[in-house]
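**Q** Protein chains in written order, with my numbering: chain A, 1 to 326; chain B, 1 to 326; chain C, 1 to 339; chain D, 1 to 339.
Derived by calculation from the structure, the hints in this document are not laboratory data.
Hints may be right or wrong, so weigh each one.
To be verified - Derived DSS-like pairs (lysine-lysine); straight-line CA-CA distance at most 27 Å:
no., chain 1, residue 1, chain 2, residue 2
1, C, 207, B, 303
2, A, 47, D, 207
3, D, 207, C, 207
To be verified - Covered by chain D, according to a simulated footprint, are these stretches of chain A (three or more residues, beta-carbon under 8 Å):
no., segment
4, 21-35
5, 67-78
All C-beta atoms, glycine included, are put in the ideal place defined by N, C-alpha and C.
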Amino acid sequence: MPEINILEAIRQAIDEMMALDERVFVLGEDVGVRGGVFRVTEGLLDKYPGRVIDAPLAESGIVGACVGAAMNDTLPIAEIQFADFIAPAFNQIVQEAARIHYRSNGDWTMPLVIRAPYGGGIHGALYHSQSIEAFFAHVPGLKVVAPATPYDAKGLLKSAIENPNPVLFLEHKKTYRLIKGVVPDDDYRVPIGEADVKRPGEDLSVFAYGLMLHYCMEAARLLATEGVSVEVVDLRTLRPLDTGAILASVRRTSKALVVHEDNLTGGFGGEIAALIGEHAFEHLDAPVMRLGGPDVPAMPFAKPLEDAFMPSPAKIAAAMRRLAAY
Amino acid sequence: MPEINILEAIRQAIDEMMALDERVFVLGEDVGVRGGVFRVTEGLLDKYPGRVIDAPLAESGIVGACVGAAMNDTLPIAEIQFADFIAPAFNQIVQEAARIHYRSNGDWTMPLVIRAPYGGGIHGALYHSQSIEAFFAHVPGLKVVAPATPYDAKGLLKSAIENPNPVLFLEHKKTYRLIKGVVPDDDYRVPIGEADVKRPGEDLSVFAYGLMLHYCMEAARLLATEGVSVEVVDLRTLRPLDTGAILASVRRTSKALVVHEDNLTGGFGGEIAALIGEHAFEHLDAPVMRLGGPDVPAMPFAKPLEDAFMPSPAKIAAAMRRLAAY
Amino acid sequence: MAVSMKNTSQGVGSAANTDIAPAVMRDMFRSMLLARALDERMWLLNRAGKAPFVISCQGHEAAQVGAAFALDHTKDFTLPYYRGLGTVLVMGMTPAEVMLALFARAADPSSGGRQMPAHYSSRRLRIVTQSSPVGTQIPHAAGIALAEQIRGGDAVAWTSFGEGTTSQGDFHEGINFAAVHQLPVIFQCENNEYAISVPQKMQMAVKSVAERGAAYGIPGVSVDGTDVLAMYEATRRAVERARAGDGPTLIEARVVRLTAHSSDDNDRAYRSQQELRAMRQHDPIARFATYLHEHDLISEDEERDMRQVIAAEVDSATDLAERAPLPEPETLYDHVYAP
Amino acid sequence: MAVSMKNTSQGVGSAANTDIAPAVMRDMFRSMLLARALDERMWLLNRAGKAPFVISCQGHEAAQVGAAFALDHTKDFTLPYYRGLGTVLVMGMTPAEVMLALFARAADPSSGGRQMPAHYSSRRLRIVTQSSPVGTQIPHAAGIALAEQIRGGDAVAWTSFGEGTTSQGDFHEGINFAAVHQLPVIFQCENNEYAISVPQKMQMAVKSVAERGAAYGIPGVSVDGTDVLAMYEATRRAVERARAGDGPTLIEARVVRLTAHSSDDNDRAYRSQQELRAMRQHDPIARFATYLHEHDLISEDEERDMRQVIAAEVDSATDLAERAPLPEPETLYDHVYAP
Ligand SMILES: Cc1ncc(C[n+]2csc(CCOP(=O)(O)OP(=O)(O)O)c2C)c(N)n1
Ligand SMILES: Cc1ncc(C[n+]2csc(CCOP(=O)(O)OP(=O)(O)O)c2C)c(N)n1
Ligand SMILES: [Mg+2]
Ligand SMILES: [Mg+2]
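Could you build the full structure based on these sequences and the hints that come with them?
**A** Here it is in structure tokens:
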């Protein structure tokens with residue numbers, strides 16, 4: 001089994017699902033001839049003519065059309081070119097897609113996937129670097145997935161396409177080509193809603209997803225050389241959150257650190273920290289710590305500013321040390 | 001000094017600021033002849049012709065036009081008819097208004113107020129009952145205010161209009177006519193960013209805002225008869241959050257409960273609980289508890305379902321008792 | 001491309017040159033009467049304190065019934081907005097189902113009492129669930145039609161909205177999408193000249209919403225929406241175009257809003273007595289009644305019988321719905337996610 | 001109301017019947033040359049690994065310069081999009097300022113190195129800060145004009161965007177708002193027939209964006225955007241209308257995108273060699289040079305001198321900017337809120 005990167009894993013998932021089920025189609029800006037600005041859909045238009053559709057430059061229209069299509073027996077995959085540009089579609093996602101099953105008392109379903117490349121560290125400046133999960137992981141009726149490895153990305157995307165609910169599928173841009181891994185040939189799935197212990201440990205638990213998962217792994221390897229055993233839990237799905245796995249880990253290690261790239265205040269880390277604080281209170285030997293992006297509007301373009309914004313393995317290792325020493 | 005309700009307090013604040021500064025104007029659906037669907041702007045068109053403007057039915061356009069106007073030496077107040085309908089303006093608020101000062105490196109300012117009537121318990125069903133603060137309190141560059149009393153509403157709105165930053169001003173619909181209070185005649189301000197202890201207590205601290213503040217007060221009065229002394233802190237501003245006041249209260253009482261009407265998971269209560277858990281860890285005698293709306297898409301129309309959704313004084317009192325007994 | 005249909009003077013007679021069978025015309029009339037009777041009953045129930053919220057189709061009946069009669073009830077999709085009572089009755093929703101929603105009963109097929117009344121939905125009838133933020137259904141209609149095109153079917157997606165709603169970005173994005181892909185959609189704008197209190201001239205700088213069709217390269221047709229036969233004809237042509245693969249049509253139905261915006265509104269604050277009186281001259285039901293009688297298509301007795309049957313239907317729908325149980329509190333947690 | 005201006009054959013000469021002074025024409029030419037020279041230098045710096053991102057005005061210079069010459073540089077506002085290098089140079093931004101943004105330097109007046117290059121801003125010059133999500137500036141332009149109306153001033157708000165951006169809801173909402181209130185705004189759509197790889201026919205079902213003016217009850221004018229004099233004339237008329245209180249104008253400038261979408265794009269994946277070759281025949285700079293020479297408005301020597309001065313200007317701007325310091329890391333936290 002050869003190694004592939006995340007971008008290829010995602011392309012394979014779409015390709016195989018389009019081959020498997022004629023109802024699957026892709027709608028987004030530049031997804032056709034151009035194969036998407038990141039080349040995720042490259043080659044798919046030739047294989048599936050009429051089912052890879054270049055949309056007008058209008059995100060609300062893209063998601064809105066997919067919401068409609070999902071109600072007429074198709075399985076749409078909407079591509080948002082950069083997660084930052086999902087904002088015009090907020091109404092269609094939050095007020096429509098997420099509420100259609102509930103508001104119709106279970107009559108209609110909404111088998112919709114919205115793919116959105118997010119995250120920074122790629123010199124994308126304020127509007128091509130954002131993390132958007134906090135806005136959507138708050139929304140009942142939506143599922144929010146954020147894989148960190150090719151295996152998970154492929155297996156989770158297939159699950160998302162088959163799922164009868166709207167799934168926001170977050171792909172960290174910096175991991176697209178950076179992160180490689182072995183992916184089996186068989187038609188497997190990774191279930192939505194299950195966290196995964198990517199590195200078992202004894203002294204403290206770290207919770208992360210996407211690019212930060214890898215930075216946490218790196219920091220954990222460093223800490224191991226210093227005699228601290230860090231458990232790294234890949235959340236993989238943010239909604240529904242695998243609270244069982246989170247609490248089980250903290251109850252064992254008694255210390256917890258939550259890491260995300262998104263702005264700290266009001267970020268999704270607050271939810272995780274609050275859950276731990278409430279439901280593992282008696283097990284905690286230290287305050288639940290959070291490490292997030294700073295509370296500035298977004299990541300600037302200039303390298304020194306971008307570096308100052310991004311959580312790094314070094315900053316994470318420092319937080320781990322502080323927590324271990326508590 | 002006669003008692004007025006919150007709706008009147010808000011109208012007075014707008015009226016007095018329009019009289020004080022010619023640059024203040026109001027833009028929104030039905031704000032003119034109709035005086036707004038809640039009658040907040042009633043009578044203002046006659047007093048300030050040309051400065052109370054009925055907008056086309058387009059929230060992104062309303063906020064977008066106000067963003068532009070704020071850059072040309074006026075002080076716009078955008079009215080969103082119901083907070084639920086702010087979703088189409090999400091892009092203009094989050095990506096534009098909140099980031100204009102930062103992205104221009106401090107060159108441009110954004111003295112914009114967006115008023116939005118929010119909250120439930122008024123038989124408004126899924127789309128006329130929502131709480132929206134979590135989406136916006138997460139956004140650096142925005143200020144988010146949510147007063148609970150006529151005094152605070154008037155004083156905070158005046159501060160918001162004068163503030164050079166975009167302020168989302170959340171008005172709980174159920175408090176509009178329900179909550180009355182004395183408001184002085186003088187031209188006072190309530191500063192943005194300061195919480196207020198509405199009821200001092202010893203045994204536990206409760207943090208709330210808007211309608212829930214009043215429900216917490218009611219529950220606290222009940223608990224007092226049971227011998228439990230509850231401190232009720234009115235957050236008033238959600239961003240920037242008055243962390244000093246929150247931590248000071250918890251450090252004294254050693255127990256904390258956060259209450260909001262918005263859906264629990266990913267709600268702003270998570271941020272407050274996480275902050276307390278991290279920065280008052282050594283003082284805590286019990287887990288920080290949260291009481292929020294259930295994790296269903298929104299509040300249904302049918303009375304039994306609406307009642308099942310809404311946090312009530314009884315539910316809050318029960319949570320207080322659990323916390324006190326911990 | 002805006003085509004204004006001849007508006008017959010005083011809103012009487014019909015502009016349509018049509019070969020609709022008399023029995024069909026009587027069916028249309030019946031649907032209009034039923035919509036009106038239900039609507040009026042809802043107001044009575046509201047005034048009696050039994051229904052907290054009513055929003056009306058009164059004045060829009062001809063536009064809705066005429067259009068819906070031109071659709072294929074076995075396969076077409078409708079995405080009606082909150083005034084679409086006439087639409088959903090023709091598409092197969094029953095008076096009892098409508099009343100169950102009014103009273104927010106558990107058996108309400110639209111939402112199980114979760115949504116406000118007039119947020120119609122029935123998967124079985126392909127009436128697509130609606131929200132309150134206006135205009136979101138317009139891209140949905142385009143998407144349903146896109147799926148139809150992908151799947152090789154020939155169903156049409158029909159959607160309605162008010163003229164105020166044409167100011168929303170979703171109107172623009174939805175129609176543009178449908179136009180680019182020549183999708184089988186009919187966009188019906190029911191122009192009653194007000195968005196709550198905001199008059200058309202504060203909403204747009206054009207005289208007719210039909211003028212907007214040209215911006216998308218699709219036909220924009222302005223029809224007297226109080227003329228049920230003209231509405232039927234215009235919609236029939238749009239359906240033909242759509243099924244033939246010639247793309248969407250924007251139909252402006254010029255109607256009157258005979259009530260306040262909703263039971264929470266008082267339109268005397270912004271409409272003069274004179275204006276209200278003039279508007280009432282355009283009641284689509286009175287107009288069609290006159291037409292039917294003048295052309296001997298219905299007798300006085302037949303009309304009276306029809307109205308009696310309808311009144312009984314409305315009575316029994318109301319009774320049934322009032323007696324039906326409210327949802328159980330625990331059901332609050334149902335259907336957040338599909339299994 | 002769409003008015004198509006006569007497109008002179010082969011894109012030479014000028015369609016404008018104008019009385020522009022020769023010195024002003026030479027100034028226009030100079031601005032176009034400067035924009036092109038800066039733009040080309042940016043690509044060189046990008047290919048040399050010194051500038052991570054470039055997005056071009058090449059092919060749009062005549063549209064931008066012609067329009068900006070019709071504005072009042074002491075009071076009008078511009079809200080140019082990322083291709084608006086020609087616009088901002090005419091409005092007063094210096095080459096050094098442009099280069100400071102390219103290198104993300106602390107002294108970049110647009111954003112202090114926070115935004116990608118080509119997100120122009122200068123409060124002093126009333127060049128309004130732009131974001132990357134396309135189309136958001138269109139309602140801003142309407143709002144600036146609304147404030148102007150409220151304050152009783154007579155400044156005009158001018159904004160630009162691509163034809164792809166006309167698909168966004170904000171295009172619709174912004175223009176509609178300006179039309180309803182007859183605001184002094186000029187909406188310039190620079191139609192280069194592509195949105196990254198998506199051709200115009202997948203973006204809209206109309207041939208010309210100018211056709212959309214009618215949907216808002218405002219003039220829609222289609223101009224050969226490679227003809228700087230025609231652009232000047234069309235904009236001058238729109239400015240007159242705006243200042244006279246007659247409301248907004250939508251101007252479609254038909255231009256060519258002579259480069260890939262940006263330095264991250266490879267347009268040979270979706271444009272044929274033949275198409276690229278044909279497009280290069282419409283270079284607005286070659287066209288205006290020919291015109292000036294044919295009408296004896298500039299000599300070969302004058303042009304050569306002009307180009308030399310510009311080259312030196314670009315050199316020194318590049319030097320200055322390259323040597324300027326990057327922002328300090330701590331400044332990340334500055335200006336989240338205004339004091
Ligand atoms: C996005 C959004 N904004 C505001 C509202 C509040 N609202 C409900 S109906 C209405 C007026 C709609 O007018 P129009 O589209 O003309 O339809 P009509 O009611 O006249 O038939 C408004 C402003 C809403 N429902 N959705
Ligand atoms: C809301 C939004 N969606 C997507 C993008 C990504 N994007 C940047 S430029 C562009 C194409 C713009 O095309 P057009 O408006 O025609 O302008 P042009 O670049 O051709 O001048 C796209 C899709 C964006 N910047 N903003
Ligand atoms: Mg209307
Ligand atoms: Mg373009």
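**Q** Each hint needs a verdict: does it hold in this structure or not?
**A** Right, here's what the structure says about each hint:
no.	hint	verdict
1	C/207 <-> B/303	violated (43 Å)
2	A/47 <-> D/207	violated (30 Å)
3	D/207 <-> C/207	holds (24 Å)
4	21-35	holds (count 6)
5	67-78	violated (count 0)
The structure is inconsistent with the numbered hints 1, 2 and 5, although it conforms to all the rest.
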